[in-house]
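*Asks:* These are the residues of each chain, in order.
There are 2 protein chains.
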Amino acid sequence: MATTIPQKTMVKASAKKWVYLLEEGSAQMRDLLGGKGAGLAEMARLGLPVPPGFTITTAACNAYFQEGNKFPAEMWKQVEEALAVVEERTGKKFGDAKNPLLVSVRSGAKFSMPGMMDTVLNLGLNDQTAQGLVALSGNERFVWDAYRRLLQMFGKIVLDLPAIKFEDILDHYKEKRGTKSDTDLTIEDLKAITAEFKQIIRSEKDVDFPQEPKQQLEMAVQAVFDSWFGKRAVDYRNFHRIPHGLGTAANVVAMVFGNLGPDSGTGVAFTRDPATGEKALFGEYLLNAQGEDVVAGIRTPRPISQLAQEMPAAHQELQDISDTLEKHYREMQDVEFTVEKGKLWMLQTRTGKRTAQAAVKIAVDMVQEGLITEKEAVGRVEPGQIDLLLHPRFDPQAKEKAILLAKGLNASPGAAVGMAAFDADTAEVWGKEGKPVILVRPETNPDDVHGMLLAQGILTSRGGATSHAAVVARGLGKPCVAGVEEIKIDAQARQFSANGQTVQEGDYLSLDGGTGEVFFGELPTVRPKFEEEHDLQMLLAWADKIRRLGVWANADYPRDAVRARSFGAEGIGLARTEHMFFEEERLPLVQQMILAASEEERKEALDRLLPIQKEDFKGIFRAMDGLPVVIRLIDPPLHEFLPRYEELVVEVTELKVRNEDLPRLAEREKLLHAVEGMREANPMLGLRGVRLGILFPEINKMQVRAIMEAALEVKDEGVDARPEIMIPLVGLVQELKIMRQLLEKVAEEVTAEKGKRIEYKFGTMIELPRAALTADEIAKYAEFFSFGTNDLTQTTMGISRDDAEGKFLLHYVQEGIILNNPFQTLDQEGVGKLVEMGVRLGRATKPELKVGICGEHGGDPASIAFFHRVGLDYVSCSPFRVPVARLAAAHAALGGERGDI
Amino acid sequence: MATTIPQKTMVKASAKKWVYLLEEGSAQMRDLLGGKGAGLAEMARLGLPVPPGFTITTAACNAYFQEGNKFPAEMWKQVEEALAVVEERTGKKFGDAKNPLLVSVRSGAKFSMPGMMDTVLNLGLNDQTAQGLVALSGNERFVWDAYRRLLQMFGKIVLDLPAIKFEDILDHYKEKRGTKSDTDLTIEDLKAITAEFKQIIRSEKDVDFPQEPKQQLEMAVQAVFDSWFGKRAVDYRNFHRIPHGLGTAANVVAMVFGNLGPDSGTGVAFTRDPATGEKALFGEYLLNAQGEDVVAGIRTPRPISQLAQEMPAAHQELQDISDTLEKHYREMQDVEFTVEKGKLWMLQTRTGKRTAQAAVKIAVDMVQEGLITEKEAVGRVEPGQIDLLLHPRFDPQAKEKAILLAKGLNASPGAAVGMAAFDADTAEVWGKEGKPVILVRPETNPDDVHGMLLAQGILTSRGGATSHAAVVARGLGKPCVAGVEEIKIDAQARQFSANGQTVQEGDYLSLDGGTGEVFFGELPTVRPKFEEEHDLQMLLAWADKIRRLGVWANADYPRDAVRARSFGAEGIGLARTEHMFFEEERLPLVQQMILAASEEERKEALDRLLPIQKEDFKGIFRAMDGLPVVIRLIDPPLHEFLPRYEELVVEVTELKVRNEDLPRLAEREKLLHAVEGMREANPMLGLRGVRLGILFPEINKMQVRAIMEAALEVKDEGVDARPEIMIPLVGLVQELKIMRQLLEKVAEEVTAEKGKRIEYKFGTMIELPRAALTADEIAKYAEFFSFGTNDLTQTTMGISRDDAEGKFLLHYVQEGIILNNPFQTLDQEGVGKLVEMGVRLGRATKPELKVGICGEHGGDPASIAFFHRVGLDYVSCSPFRVPVARLAAAHAALGGERGDI
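Heads up: the protein sequence lines correspond to chains A and B, in order. Residues in the first sequence are numbered from 1 upward in steps of one, following our numbering. Residues in the second sequence are numbered from 1001 upward in steps of one, following our numbering.
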């Protein structure tokens, strides 16, 4: 087992350096020093004003756990040596009664992590040093305030006592003074509070607050380490898949005080506006305060711009440092600072979080400023974020004031405002009258689509993120809040109640599809226009240069195709022909075709459908002039086009019992029997897709005729139509072989009739496990594959999308039985294996095979990274997801994740 | 492209030997000479009396097609050379007017194949040779009869004229003579007929019947070759997957005549009785006849035993030859012979077809006679055949006389007789009264099981071979005829009609589940007893020594387990706990548990179910003392235990409209809402299996407690119980991990309570593609796998068993889109790939993993061969299939198919 260890590593390991002075570290040492330590070190190296201090490494933390919660040998000695350096630099001594050094201890892991110990300030204070500090500072109030803060933080964070115990005492004294502000408390009050705080520690923990400063420090460092395995931190790491072996560092830094008077203060700042991305210092500060006061919300902080008036020099220095940090890090920073008697000290710097809008603007601006490359800019914007940029948004301030009725599933993002309508017909009527409508239904089904088309948003009380409502809404780019169980819909009374409020039909509602919130009343919205999002357009243009994956869109109507193309789609990856069938004027024809008693009757209905389908296709071909359009032949079971069995049963039973209107009874009974004959126990696995084509070839033949006639007719307009005809649900190679032969004949017939020729392709969906497993065979008869990952997920996992989400899938996600909803992010270990196999086998037979994916996963960044990896040619997603997919595809080409979470 | 051709092949190829004299061939040259040619050659080699002749090879046939339907060079020359040898041996000359040689031409491929040209006799006759033959034989009638036969066969077979044209003329002359027998026709009649036959050929084909014998021969050989690509032959080969490149041989043999007078005759014989297997010459013959007369049915042939009286010498010689052939081939033979003026000639020998019963007896007898080894005996009996041996059978003569009502799907074999009952309750009542019942339903569902249990057989008008009725019937070993569309059931009137007959409730019906026939009235049946099938028992004992695969049985009740063990099952591979729930007295408890409003109510119901389940398990453990019992925890969606939604809707609607019995309305409405809340769009992919366990762990916990208590309690009786607890529908490793931990705790609790210990295992079903794809992960938490190939087939192929068969699957099988019903024979290319992967991945993680299969495929011979190949440890099937599986497993171990079809 002897391996050669590089010389450098050995020295480091044998040296056992557990402690680094700030200036000994750097930004690159994030693994060892944690994010906070590395930031402080880097600032120290840059010569920025950072108080003296040192970092105890993550390696020390890990050694601590390995040795049974004991500090590793030498560590404390190194701490004391480092402390000595800090003492020397500050000219103060830790625990010295006359000239005491105070320090802060803060945790800092590689990734910022909620649930870990944060900060203990003012360590080093005790009854004696407090006296010395009074003498030294001449500010007794400051010292007692600092002492009570130490006791409070130490008690809460190090000794794990309930915060409320300390706050109650503080409140009691403030009440006595008739004030709400700490600053109104007197020195005597603070002394008394300090005494009471000590008493709490004594009575609750059966020990005295340690007067020995080094013991304080030791306990604080130990608390930092212990917090690494605190329950919330462990849960957080499990959820985010952060390894438990990383450990946390502990940062010990000399205190500087923002609460030494009106020439002192403390604040936080972003180097650019994190909401808009504007290039200007942004943040807030408080004079005469310690850090925690800024966020505590007791005093209202001032905007950073005012600092220019109040402390012009400090403001200028902060601005300069901000520029230095941005140039150095080539990234927007989020900093903490303190001004002690006019002198600026930097206490933290890290990459700043930002809104989607800001992320795009900053990335683009920084390229233009020469700070970063186009590739870097692309890599810095999370694909998921930009989705929101294209949906209407509510004014955040308006939201705060509004009445929140309930919260449900954020099924399709964006903001929608409209009048509640309780059925699709009403929604349609109102919509046509130009009224804004929110369609409110227990759940939706294809019968509701005509109402959904005209609604601003959709609200359902049942169903999950891939329920019919959610899927259609996302497809339409309409906001949807689904599965809001708190709302009780009374369809009879045409109202629902929630949160004590009753909403009548016609009342205004506002839905935030991004958060799942449902508000009463009309909230103001803004709808961004893609054409006007110049920064985003530029960023996506750069992304297009980087990505290898094509980005196509799923679009069933010409209007969707137009939109998709405007968003940058390079083709239509899925045009569902049956969605056209559901439209109101067509449904009776479709029903006539299905229920046809004779061959002629069926043919008659098909003949009337043909010109309608043709017009649809023409529209799509015009919109996608010169680009491929994949048209899927009819897929759903035919009974989906007929009235619902459940409703027919009720109607027939009623008519029977009443024994009136016998002609209608006869008609309805006949229909009921027809529907009954077509019912299926598991329609998902039933007579649909290519199986319909095999049994009723005339439907597919009509569709192919419509496609070919449309393509050849628009040729006269100068439109270059490129149809790719897709046969769905193939599981057996014979199915594809037979259908392709049959349909190719139709295509050639039409070509001959029209006397001209266009290019067309035949291909298939790979949406059954068997298709993926036998893709080598299937590829013999396909010019392209398109993975239908929705159905492939259903069959591979044995989970019905329509049933599972509410019934058990969300519970599974909550319990960590599965990491993601597999209908949103592809299950790579299971379904992904089949996708990979399908690609490999298909290309083995036909290396030039074009392979795409047209399931919902085509718009999901994590899934797109996978599709890039397994070598797909393109992804196809809903038009509104096209920008997201363009960016995600570029990220995939850049090598996936950026490393920070 | 230069490859080294072995010397031997080169010689053969360059020699271009297209024609073999019979004695130049052998039984081993079946590929080249076809079955018939090889048989004749082998007899010639053995020195048996075979007329001189030769075989034109299959290679010649293939060359014929390669050269555009032309005989290959040299072939005809070789034919003429061979013919010269035949002339020499017979002392006759082909086409000689004085002493003419006549020959027969018969096709003969490697595999016997319907749809190919069969035989043309008497080639060489023409107007001149006929005269010569009259002079030679002194039998004018014989000659003209031979000539009209030649014209008839040549016209029909070589010239492809409709047979009816010739038969009409023959009938016309017979009518004129007032006879039905050819032998009553006069010489003048035959002459006139001959003239008319020539006229038909002339008028239909515009050519004269060729008078040149060599032209006759050439045309006959060409017809043999052409028939290889006749439509029926091609279809047959496609269906049976016989390569089209094999080709057929043509056998040319000197004619011998059985119609030369009362000292001549012709017949067919089996060396043993093909119905019973008894060792005695069996067959029939006609005196003064040519071969075709025996099978034509115009004259009644005599049993071969009479030949001993009529021609004792020929009979003795035939008996001796029969013994020689059996000893030589070590197999029962089917021979053709002709006696020409007292001299016996052998015209064909081949392996004889036989019934299941005969197959078993012959195989066992031949071992005892020292003819074959035990292994050979096992290999000679088709596993599928012996299934029938264990089911009741109708007397074939009684069937002939009975009224056939209709024919449906042979869903479960065997004969059943009983009174028609139109619902399960009636069937149950009558059954308990001791009356034999046939349950007649449009289709069945779990509510009907109590009636099915007491019925003799099941008849449905809807549903396929894997419909509920079919599956349950096979599981129960009860005959079932399913999907009989001709019967129109009138449930109201309690009757059905078919074939003009009306069957009232209570009328007797007889079902043949092996043929799908439904008879009116009571047909006599015999039910064989396994214990009395001594030959079968012996054969299976030999099979057991050969097979590697274990054979277990699926059994839900103690009575099934007892039967399974008596059939040789070595364990229970699947005990479905929920089938126990459906029994009448338990269902209310199960429903109470499902609908429980409170935790206590549910617990109460579970507490009452526990002792019932425990008793069931005890019974099974006692039956399987010392053998493993795999118990599957509850699997189906809970709504399957509640009244059907459809019926509730009707009832509630009726009650509502009538507005009476409001308390019942309230109660029913509540139930309806509960059922509605549980309904699923695709229950197959819904809340079932382990998902139920995760959501309602108390049910699984009760079940594991019942299993463990039962196992530990029977230990006191000296019973060695070996429970293996199986968690169904696992798709995610976490599901199994969580459930196993939970349930192992229960098992250990019970162990601690009882103060004793037994061995038990935890494992899972692999029935979802994802489970197979991630079997390496899943194996970490499973001690055994059992492939649930029913569900795995449904999900992998995306085909719902309940819906597909009637709707499209049978159509697919008919059209050759798929070769077999994948629910009967495993789809090896698709589903099989996942099975293979599951085994490989599972064993990679855990080499000692026990792997079995418990789907319907466990009893299917072709599937068993596959399971053997991929290394499963055992198959589990319904008790009645255990003997089949034992034999099939032995076949698999012997190397699969025997090579002939």
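Among the hints, a few may not be true.
[Unchecked claim] Which stretches of chain B does chain A cover? Using the computed rule of at least three CB atoms under 8 Å from a CB of chain A, they are:
| id | stretch |
| --- | --- |
| 1 | 1653-1666 |
| 2 | 1684-1692 |
| 3 | 1697-1708 |
| 4 | 1732-1742 |
| 5 | 1848-1862 |
[Stated by the list, open to error] Which chain A residues face chain B? A few, computed with CB under 10 Å, are given here:
| id | residue |
| --- | --- |
| 6 | Q78 |
| 7 | L692 |
| 8 | E735 |
| 9 | T796 |
[Unchecked claim] In silico DSBU-like links for lysine-lysine, alpha-carbon gap of 35 Å or less:
| id | chain 1 | residue 1 | chain 2 | residue 2 |
| --- | --- | --- | --- | --- |
| 10 | B | K1070 | B | K1180 |
| 11 | B | K1737 | A | K231 |
| 12 | A | K850 | B | K1807 |
| 13 | A | K761 | B | K1070 |
| 14 | A | K407 | B | K1231 |
| 15 | B | K1670 | A | K488 |
| 16 | B | K1807 | A | K701 |
| 17 | A | K807 | B | K1745 |
| 18 | A | K701 | B | K1850 |
| 19 | B | K1807 | A | K488 |
| 20 | A | K807 | B | K1780 |
| 21 | B | K1670 | A | K603 |
| 22 | B | K1156 | A | K807 |
| 23 | B | K1761 | B | K1850 |
| 24 | A | K231 | B | K1603 |
| 25 | A | K807 | B | K1603 |
| 26 | A | K807 | B | K1341 |
| 27 | A | K603 | B | K1231 |
| 28 | B | K1807 | A | K780 |
| 29 | A | K407 | B | K1737 |
| 30 | A | K807 | B | K1807 |
| 31 | B | K1070 | A | K807 |
| 32 | A | K780 | B | K1737 |
| 33 | A | K656 | B | K1231 |
These are computed hints drawn from the structure, not numbers from a lab. We put the beta carbon where it would ideally sit given N, CA and C, even for glycine.
*Asks:* All hints are to be evaluated individually against the structure, with a verdict given for each.
*Replies:* Consistency of the hints with the structure:
| no. | hint | verdict |
| --- | --- | --- |
| 1 | 1653-1666 | holds (count 4) |
| 2 | 1684-1692 | holds (count 5) |
| 3 | 1697-1708 | violated (count 0) |
| 4 | 1732-1742 | holds (count 4) |
| 5 | 1848-1862 | violated (count 0) |
| 6 | Q78 | violated, 43 Å |
| 7 | L692 | holds, 9 Å |
| 8 | E735 | holds, 6 Å |
| 9 | T796 | holds, 4 Å |
| 10 | B:K1070 with B:K1180 | violated, 43 Å |
| 11 | B:K1737 with A:K231 | holds, 22 Å |
| 12 | A:K850 with B:K1807 | holds, 33 Å |
| 13 | A:K761 with B:K1070 | violated, 41 Å |
| 14 | A:K407 with B:K1231 | violated, 69 Å |
| 15 | B:K1670 with A:K488 | holds, 17 Å |
| 16 | B:K1807 with A:K701 | holds, 21 Å |
| 17 | A:K807 with B:K1745 | holds, 26 Å |
| 18 | A:K701 with B:K1850 | violated, 51 Å |
| 19 | B:K1807 with A:K488 | violated, 40 Å |
| 20 | A:K807 with B:K1780 | holds, 28 Å |
| 21 | B:K1670 with A:K603 | violated, 46 Å |
| 22 | B:K1156 with A:K807 | violated, 70 Å |
| 23 | B:K1761 with B:K1850 | holds, 11 Å |
| 24 | A:K231 with B:K1603 | holds, 33 Å |
| 25 | A:K807 with B:K1603 | holds, 22 Å |
| 26 | A:K807 with B:K1341 | violated, 87 Å |
| 27 | A:K603 with B:K1231 | holds, 33 Å |
| 28 | B:K1807 with A:K780 | holds, 27 Å |
| 29 | A:K407 with B:K1737 | holds, 33 Å |
| 30 | A:K807 with B:K1807 | holds, 30 Å |
| 31 | B:K1070 with A:K807 | violated, 71 Å |
| 32 | A:K780 with B:K1737 | violated, 42 Å |
| 33 | A:K656 with B:K1231 | violated, 55 Å |
When each numbered hint is compared with the structure, violations occur for hints 3, 5, 6, 10, 13, 14, 18, 19, 21, 22, 26, 31, 32, 33.
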